[in-house]
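Take these sequences, add in the hints, and give me the full structure.
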Amino acid sequence: MLDLIAGFTNLFSDLQALFFVFFGAFIGIVFGALPGLTASAAIAMLLPLSFHLGPLPALAFLYVIGKSGRYGGSIAAILFNTPGTTASAATMLDGYPMSQRGESGKALKTAAVASMVGDYTGELILIFGAVFVASYTKTFGPTEYFSIYVMAFVVIGSVVGKSVIKGIISTLFGAIAAMVGLDIINNTPRLTMGFNELEEGLALVPLLIGVFVISEIIIQAEKLAKSHLSEMGETEERRPDADHLTWAEFKRCVPLMIRSSLIGSFIGMMPGLGSSVACFVAYGEEKRRSEEPEKWGTGIVEGIAAPESANNAVSGPSMIPLLSLGIPGSTIAAILIGVFLIHGIQVGPQIFDNPFSRELIYSLFAAGLLGIAAYGAMGYFLGPHIGRLIALLPTKYLYPFIFLTAVAASYSTRASVLDVAVALIFGVIGYGMRRTEFSAAAFVIAFVLAKNMEEAFRQALLLSDNGLMIFVTEPVSAAFLAVGFSIMIWRSISHMRHKKRQKNGG
Amino acid sequence: MAEMTYRTKVELGVTVACLVIGGFLTYEALQIPAEHEELIGSRTVPLFIAVLIMALGVLISVVTMFEEKNGEDEDEIPAEDEYGFADSDVIRVFQVIGCGVAYIAMFWAFGYLISTLIALFLMLLAFGNRRWRPLILMPLIGTVVYEFVFMGLMGLYDPAGALVDLSALSSLISGN
Numbered sequence: 001m002l003d004l005i006a007g008f009t010n011l012f013s014d015l016q017a018l019f020f021v022f023f024g025a026f027i028g029i030v031f032g033a034l035p036g037l038t039a040s041a042a043i044a045m046l047l048p049l050s051f052h053l054g055p056l057p058a059l060a061f062l063y064v065i066g067k068s069g070r071y072g073g074s075i076a077a078i079l080f081n082t083p084g085t086t087a088s089a090a091t092m093l094d095g096y097p098m099s100q101r102g103e104s105g106k107a108l109k110t111a112a113v114a115s116m117v118g119d120y121t122g123e124l125i126l127i128f129g130a131v132f133v134a135s136y137t138k139t140f141g142p143t144e145y146f147s148i149y150v151m152a153f154v155v156i157g158s159v160v161g162k163s164v165i166k167g168i169i170s171t172l173f174g175a176i177a178a179m180v181g182l183d184i185i186n187n188t189p190r191l192t193m194g195f196n197e198l199e200e201g202l203a204l205v206p207l208l209i210g211v212f213v214i215s216e217i218i219i220q221a222e223k224l225a226k227s228h229l230s231e232m233g234e235t236e237e238r239r240p241d242a243d244h245l246t247w248a249e250f251k252r253c254v255p256l257m258i259r260s261s262l263i264g265s266f267i268g269m270m271p272g273l274g275s276s277v278a279c280f281v282a283y284g285e286e287k288r289r290s291e292e293p294e295k296w297g298t299g300i301v302e303g304i305a306a307p308e309s310a311n312n313a314v315s316g317p318s319m320i321p322l323l324s325l326g327i328p329g330s331t332i333a334a335i336l337i338g339v340f341l342i343h344g345i346q347v348g349p350q351i352f353d354n355p356f357s358r359e360l361i362y363s364l365f366a367a368g369l370l371g372i373a374a375y376g377a378m379g380y381f382l383g384p385h386i387g388r389l390i391a392l393l394p395t396k397y398l399y400p401f402i403f404l405t406a407v408a409a410s411y412s413t414r415a416s417v418l419d420v421a422v423a424l425i426f427g428v429i430g431y432g433m434r435r436t437e438f439s440a441a442a443f444v445i446a447f448v449l450a451k452n453m454e455e456a457f458r459q460a461l462l463l464s465d466n467g468l469m470i471f472v473t474e475p476v477s478a479a480f481l482a483v484g485f486s487i488m489i490w491r492s493i494s495h496m497r498h499k500k501r502q503k504n505g506g
Numbered sequence: 001m002a003e004m005t006y007r008t009k010v011e012l013g014v015t016v017a018c019l020v021i022g023g024f025l026t027y028e029a030l031q032i033p034a035e036h037e038e039l040i041g042s043r044t045v046p047l048f049i050a051v052l053i054m055a056l057g058v059l060i061s062v063v064t065m066f067e068e069k070n071g072e073d074e075d076e077i078p079a080e081d082e083y084g085f086a087d088s089d090v091i092r093v094f095q096v097i098g099c100g101v102a103y104i105a106m107f108w109a110f111g112y113l114i115s116t117l118i119a120l121f122l123m124l125l126a127f128g129n130r131r132w133r134p135l136i137l138m139p140l141i142g143t144v145v146y147e148f149v150f151m152g153l154m155g156l157y158d159p160a161g162a163l164v165d166l167s168a169l170s171s172l173i174s175g176n
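Sequence order for the protein chains is H and P.
For the first sequence, the numbering used here assigns the number 1 to the initial residue and increments by one for each residue that follows.
For the second sequence, the numbering used here assigns the number 1 to the initial residue and increments by one for each residue that follows.
Simulated from the structure, these hints should not be mistaken for lab results.
Every residue gets a Cβ at the ideal spot worked out from N, C-alpha and C, and that includes glycine.
Don't take each hint at face value.
Some, not all, of what chain H presents toward chain P, calculated at C-beta under 8 Å [as the list claims (entries may be wrong)]:
#1 166
#2 168
#3 186
#4 224
#5 353
#6 415
#7 435
Printed below as a string of structure tokens:
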């Protein structure tokens with residue numbers, strides 16, 4: 001608790017960090033509310049800007065964008081019947097019908113309150129959980145770490161998409177992209193195809209921009225003739241009396257928000273299972289528990305509160321694997337690893353031992369708590385206005401500027417035009433992945449982790465008298481491998497059962 | 001053999017793509033010098049991953065064909081919006097990527113300022129803008145803003161073009 005108070009003191013004594021907390025909250029809402037663009041896309045484009053900031057403003061900025069972006073997605077879901085992010089897909093089911101009845105204000109306020117409840121629950125679990133887990137993982141060596149990496153790859157690959165095989169292939173593509181460049185142990189050039197420029201390896205920013213931003217721009221260019229952002233779901237006659245979330249409605253939603261927040265937090269702790277899973281699990285569970293399940297989907301506040309609490313509750317706990325093991329549980333956590341490294345901070349359980357990094361982490365927690373309040377207040381009071389402003393933005397003007405920002409951000413990473421070319425290539429790859437159900441999230445997380453995994457693998461083998469058997473004879477290592485492969489087998493079996501049920505019309 | 005479903009055709013294409021990419025990566029991995037003194041060297045992990053990509057790529061088609069044989073994926077396509085390339089607009093894809101390629105070529109030839117101006121103009125065209133006023137004003141204003149933010153405020157390296165040197169104008173805008 002004292003650490004957290006010190007974190008708040010540190011945050012409030014850094015005006016730049018404070019500014020970027022509020023700026024991040026605003027940017028996240030806007031990007032989240034733009035259909036097609038996600039918090040990850042915003043972070044990818046703004047990552048180069050963070051290189052010019054100190055560690056706390058940079059991390060706080062990107063961390064808060066990740067949080068507010070999830071809430072921003074609900075604006076598009078409620079007003080445009082298009083989820084701004086996949087995390088708000090379930091919010092659409094009740095949010096859009098409310099908009100059609102002229103209750104968009106109430107729906108957006110419910111989303112803001114529920115997102116705050118979920119995010120605060122997740123953040124508190126992160127603050128106390130990360131330190132607790134880190135105290136157990138400090139003694140791990142390369143053998144255990146290799147198994148943890150393999151487990152993370154297999155789990156993320158298995159749970160992240162519809163197909164286990166494609167999920168695993170996505171992680172393999174990410175891993176092999178990370179192998180481009182000089183070998184970490186003996187500096188041998190690898191997979192450079194003869195280009196000396198590739199010896200430095202592929203940078204994270206152009207790769208992120210390619211798979212998240214350029215691919216989306218291509219999709220938007222394709223959709224241009226079919227859809228239009230300004231098709232709002234609101235009726236002509238808005239009902240100002242129905243714009244407010246009443247105390248009775250709020251009270252009705254409290255138990256449901258707490259349960260959904262806990263569901264979201266639990267899902268967030270598992271690498272790969274993100275907000276999009278949490279929102280549907282919480283929605284399904286609360287509908288099942290409801291005394292009037294037939295009302296769900298017709299436009300009720302409970303149908304917004306459940307998924308919004310759950311999807312925002314994922315944010316904090318998804319950082320637990322990052323801070324306790326150095327393994328990102330989500331795309332945003334994967335990007336934050338890069339920011340930590342740029343500022344010379346090694347992510348993992350030792351992060352809480354070093355006084356500087358400990359203070360930084362608690363200041364980041366404080367920034368997260370403040371950021372939740374910031375986006376909650378902005379969303380509650382300004383959500384409908386932000387939505388209406390976005391509806392006025394024509395795609396045909398917006399996306400050319402996003403494209404230019406994306407290429408400029410790619411160039412700015414290393415002042416290299418090669419990085420722009422890399423972003424374009426990964427844009428096409430990302431487009432192909434989206435069209436064929438491969439996972440961009442698994443690809444990015446694997447890209448970030450692969451070098452560490454290879455290093456741990458080779459170090460462990462140097463320590464081993466027993467070759468590869470070291471990974472199965474060490475009990476902790478064997479346990480992690482067993483967990484990873486068990487989840488993969490379980491997912492494959494449940495996928496086959498699902499197909500069988502479909503076939504039998506169940 | 002009965003006619004293949006659309007999903008099976010796409011998945012076969014995915015398998016071919018995995019084999020081609022995996023094959024290329026295997027070839028590249030084999031070019032990495034191997035250390036004879038080490039069991040696990042620089043090429044081990046890339047080679048293993050490349051081969052695994054090919055193996056899993058084949059597995060995708062095997063599973064899909066098995067499912068098709070058992071009639072398990074008959075009704076899937078209508079439910080999935082963005083799956084496959086049936087509704088892809090190849091021209092749009094090429095237009096966007098073409099703008100990027102033009103940006104890179106012009107960056108080399110004319111520098112950041114002109115490449116931004118022309119790429120923004122081309123992107124506006126690619127997104128269906130045909131009114132001349134936004135087509136002229138937006139790239140002009142956008143270019144000045146980008147030059148000021150990225151080169152001026154963020155202090156990025158702004159090389160002179162190989163064919164035309166507009167460094168003086170760039171410096172005037174960025175203030176560097």
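Each hint tested on the structure:
Taken as an interface hint, residue 166 of chain H checks out: its beta carbon lies about 7 Å from the nearest beta carbon of chain P, inside 8 Å. At its closest, the beta carbon of residue 168 of chain H sits 6 Å from a beta carbon of chain P; the interface hint therefore holds under the 8 Å criterion. At its closest, the beta carbon of residue 186 of chain H sits 6 Å from a beta carbon of chain P; the interface hint therefore holds under the 8 Å criterion. Here the hint on residue 224 of chain H is kept, as its CB sits about 6 Å from the closest CB of chain P, short of 8 Å.
A least Cβ separation of about 30 Å between residue 353 of chain H and chain P goes past the 8 Å threshold, and the interface hint is therefore violated. Taking 8 Å as the C-beta contact cut-off toward chain P, the hint placing residue 415 of chain H at the interface holds, the least distance being around 4 Å. Contact between residue 435 of chain H and chain P, as hinted, is supported at the beta carbon level, the nearest pair being about 6 Å apart and thus within 8 Å.
Going down the numbered hints, you'll see the structure goes against just number 5.
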